[in-house]
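Spelled out from the first residue to the last, the chains are:
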Amino acid sequence: MSWIRWQGLLVFLTVVAGLTAAVAFIAGPLVKWTIEGAGSRAVGARVEVGDAHLSFLPLGLVVADLQVTNPEAPMTNAVQIDRIELGVEPLPLLRRKVIIPALEAVGVRPNTPRARSGALPGREATQEETPSRPLAGLPLPGIDLPSPRQLLDQEDLASVALAQQLQADVQQRQAAWRERLAALPDQEKLAEYRARLDRLKVVKKDPQALLTLRADLQALQADLGSDLKGLGDARDGLKDDLATLRTRVAAVRAAPQQDVTRLKEKYALSGEGLSNVSQALFGNRISGWVDTAVTWYRRLAPYLERRSAATGKKEHAPRRERAGGIDLRFPEHDPLPDFLIRTAQVSVVLPAGTVAGRINDITPDQDVLGRPLTFDFASDALQGMKGLTLAGALNHIDPQQPRDTADLTVRGYRASGVELVKSDALGLTLAEGAADIALHADLRAGELGAKGSAALDGVRFATTTESKGGLAASVAAALDDVRRFRLDGEVSGTATDYDLRLSSDLDRVLKDAFGKQLKARAAEFETQLTAALDERLAGPLGAVEGQVGELGLLDGDLQARLTEGNVVRDEIEKRLKEAVAGKIEEKLGGGLKERLGGKLPGF
Amino acid sequence: MLRPLLKLLRVLNSETRPAQISLAVCFAMVAGLTPLASLHNLLVLLLVLVVRVNLSAFLLGLALFSGLGYVLDPSFHTLGLALLQAPALHATWTALYNTTLARLEHFNNTVVMGSLAVALAAFLPLFLVGNTLIRRYRDHVLAWVRKTRLVQALKATKLYNTYRAVSALRGDVG
Chain A
24 MSWIRWQGLL VFLTVVAGLT AAVAFIAGPL VKWTIEGAGS RAVGARVEVG DAHLSFLPLG
84 LVVADLQVTN PEAPMTNAVQ IDRIELGVEP LPLLRRKVII PALEAVGVRP NTPRARSGAL
144 PGREATQEET PSRPLAGLPL PGIDLPSPRQ LLDQEDLASV ALAQQLQADV QQRQAAWRER
204 LAALPDQEKL AEYRARLDRL KVVKKDPQAL LTLRADLQAL QADLGSDLKG LGDARDGLKD
264 DLATLRTRVA AVRAAPQQDV TRLKEKYALS GEGLSNVSQA LFGNRISGWV DTAVTWYRRL
324 APYLERRSAA TGKKEHAPRR ERAGGIDLRF PEHDPLPDFL IRTAQVSVVL PAGTVAGRIN
384 DITPDQDVLG RPLTFDFASD ALQGMKGLTL AGALNHIDPQ QPRDTADLTV RGYRASGVEL
444 VKSDALGLTL AEGAADIALH ADLRAGELGA KGSAALDGVR FATTTESKGG LAASVAAALD
504 DVRRFRLDGE VSGTATDYDL RLSSDLDRVL KDAFGKQLKA RAAEFETQLT AALDERLAGP
564 LGAVEGQVGE LGLLDGDLQA RLTEGNVVRD EIEKRLKEAV AGKIEEKLGG GLKERLGGKL
624 PGF
Chain B
44 MLRPLLKLLR VLNSETRPAQ ISLAVCFAMV AGLTPLASLH NLLVLLLVLV VRVNLSAFLL
104 GLALFSGLGY VLDPSFHTLG LALLQAPALH ATWTALYNTT LARLEHFNNT VVMGSLAVAL
164 AAFLPLFLVG NTLIRRYRDH VLAWVRKTRL VQALKATKLY NTYRAVSALR GDVG
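Protein chains in written order, with the numbering used here: chain A, 24 to 626; chain B, 44 to 217.
If you're looking for bench data, these hints aren't it; they were derived computationally from the structure.
As the structure is a computational prediction, the values presented were derived from the model and not from experiment.
A couple of the hints might just be wrong.
Here are some of the chain A residues that sit facing chain B, going by a computed Cβ distance under 7 Å [said to hold, decoys possible]: (1) Val34; (2) Arg119; (3) Val121; (4) Lys289; (5) Gly348; (6) Ile349; (7) Leu351; (8) Gly380.
Cβ atoms here follow ideal geometry from the backbone N, Cα and C, with glycine treated the same way.
Bound-form chain B, shown alone:
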């Protein structure tokens, strides 16, 4: 429990751009909320690897959203069922049902449809809110913590310098 929290703090405190972190969290939300073995998650994996997003944030977010997805599955089912049974969308679903790609995507499954709809709808808002929150954290909380005497004292120790050197070698510190 402590280790993921430390990882999160390390990511937030690093030099990584807020957009890289929040985009990683958004991708993690899509992959985590929806069933993992879905075709669209292959695309998410490709994007996560090709687009320069923070991988640690993605992995942390994936773990978080997978747990959340398990809890919310019944709600996703209800939403997916409502969407798939909506008369206004029937023609769209029928057209999709007759395409190989959509069948591979398994869009006609209620949980896939419900969770994907929620993830896509929340993608942009989460990205914007994430960016804002990370910036505010760094401007206010992080700046205040760094100015405290305790941190100043810690930074002056040899142990901290050794830690920074090791972290720089591992690429954790940005």
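Next up, chain A with everything else stripped away, as it sits in the complex:
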């Protein structure tokens, strides 16, 4: 028996030919199915292809009516493309490299409505990434100020705090002084001194009684002197306290002015609050544009870099499916990206018209290719503007240090009916105007930096305001005269948390217009505020002054006690002089005086 059956070769060739024919026959639907399946998994929402046709000589593909659902809004296509035509280099394909030398995308339309939901089964539509930014009112200083009384209720006031502190201190001092005065000799004690003095009568011709009398008088004098010293010290202390408290009362009386100054500044009545008018007028609208740009960038960013480049050194979990596992990469002698579109001619259909452009080097393997993705779009035939150019580069050659740049210029953009401010107090619309816009954006390793300027000419604002006078009317009148202005903006931060700063000529125009109104309103506000604050302080301050007055009365009481004590002391001294120095010396003679003189100093 022969080991070879030649008819098997025929069967093999037939099988291979049959398989090839089958693949060729179902290639179109297979490509369609592959694009829809892989696309839906990548996007997270339904990707649909109207028709796909694969050609073999030359190798190429035509895709018609590609719809990519916006995963955040399943009833909207993030992008819809009428027709994509591309060729594929066959030899690199054998090495699993999809190299597309040229691609043409015709009729690229963003944000088109869908007839049916594009949400994938079991996947809820996520929240809109771009938060809507409703137009806000212009923060006109003073318009929404609370009444002075309300304002004082909600503010922490230094003057009131000072008054309350002083009131507490005065009460404490008052109690302390009352206690101290109670411990000092009062009128009753002084009356006792007087009674003791009255009992010390001069006894004539009795030297021993005279000596006793002198000793008693001296003892009385010492007792009284000690008490009088206590009273004197207390009065000095009370005087010092009174002086301090009166100074503090004066300070509390001056404090309201500091509060008023602070509150004026806080509630932007100084005119400084007008410096961000540009931010208020254009901030929300421009932030919305930045959000849209960031959203689109975030949608495209995942395709700029290969998420996980499996190398020969990383460990990965296997997928439990046939032909699963992971593909390891090894150094190539002639490196080529796994996927590359060398040149894509794209025509984007916008409501204003068509913008055509070219995108070069679309690949997730920029590190392999060594070139960034570049794009260049231009149009001179858009409605509402004279011309538009958009150019830039998405450089992810070094995935650790990506740098993306974009430059946008718009010439003669006709802005009409652009609503800027929407509030009951003031409605503001840019009725007409032509803008030349230049913008440069730079996203470097996650740090966003963008600068732009817009010069508007032939401007006309339309305003609606309910009040005839006041600040809103001033704004309306001031903007009525504006015919041109320049707007400068700067964005910094990260793509998800950025800071937008805007400035324009309108800041100065509006600031001047506000000046007079603001001054009058500020003066009125200050008067009302001062009056309200004085009224609020009247209670605590009145109480404090009353308490300080009561302390003054204690001073009078002390004064009276000292006076009475001094009278008694003077009388003691007088009686000592009369009784001892004069008459005793006369009766007893000089011998006794000499004998007693050494023992009784003072005689």
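Given the coordinates of chain A, work out where chain B should sit on it, guided by the hints.
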């Protein structure tokens, strides 16, 4: 479940050479353990068709080894990863990676590498063991079964003769 078993018995009991059966099983092992849509399986198909191996054994073996391959895929991944990351083999893999044929073969996939390595390593041992087992089966088990009275009685029936005639027409009996 019974039908494949009967097929297997019919193949074993036929006049087919043991080598034809065991070689078919070895080819089935390569095609079954490795991902089916691999370039080397085209070669296996060619060999199965051109070399006179038993097709029934191949198909039975393919079904068996495909199931086994699904179960063993995680192990193939681990083995393939170890082989592809082996420093000693890095130059070889790099050279292969730069050839079109090897890229078409998808050798740099961990499951392809692991399963192919196991299949190739087991090819010759399985062929030799298969040959031996088939011979022993025919010499001992089959000879004993044929001598039993039950089989003798069955062979004497008209039904058995009709079956043999039909089988001979279908080419099942060798």
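Hint by hint, here is what the structure shows:
1. Because the smallest distance between the Cβ of Val34/A and any Cβ of chain B comes to about 5 Å, under 7 Å, the interface hint for this residue holds.
2. Annotation: Arg119/A was flagged as interfacial toward chain B, and the flag holds, the nearest CB pair being 6 Å apart, inside 7 Å.
3. Taken as an interface hint, Val121/A does not check out: its beta carbon lies about 13 Å from the nearest beta carbon of chain B, beyond 7 Å.
4. Given hint, Lys289/A at the interface with chain B, is violated; its Cβ is 66 Å from that chain's nearest Cβ, farther than 7 Å.
5. The restraint placing Gly348/A at the interface with chain B holds, with a minimum CB-CB distance near 3 Å, inside the 7 Å limit.
6. Given hint, Ile349/A at the interface with chain B, holds; its Cβ is 5 Å from that chain's nearest Cβ, closer than 7 Å.
7. With 7 Å as the threshold, the beta carbon of Leu351/A comes within range of chain B, its nearest partner Cβ sitting at about 5 Å, so the hint holds.
8. The beta carbon of Gly380/A is not positioned within 7 Å of any beta carbon in chain B (closest approach about 34 Å), and the interface hint is therefore violated.
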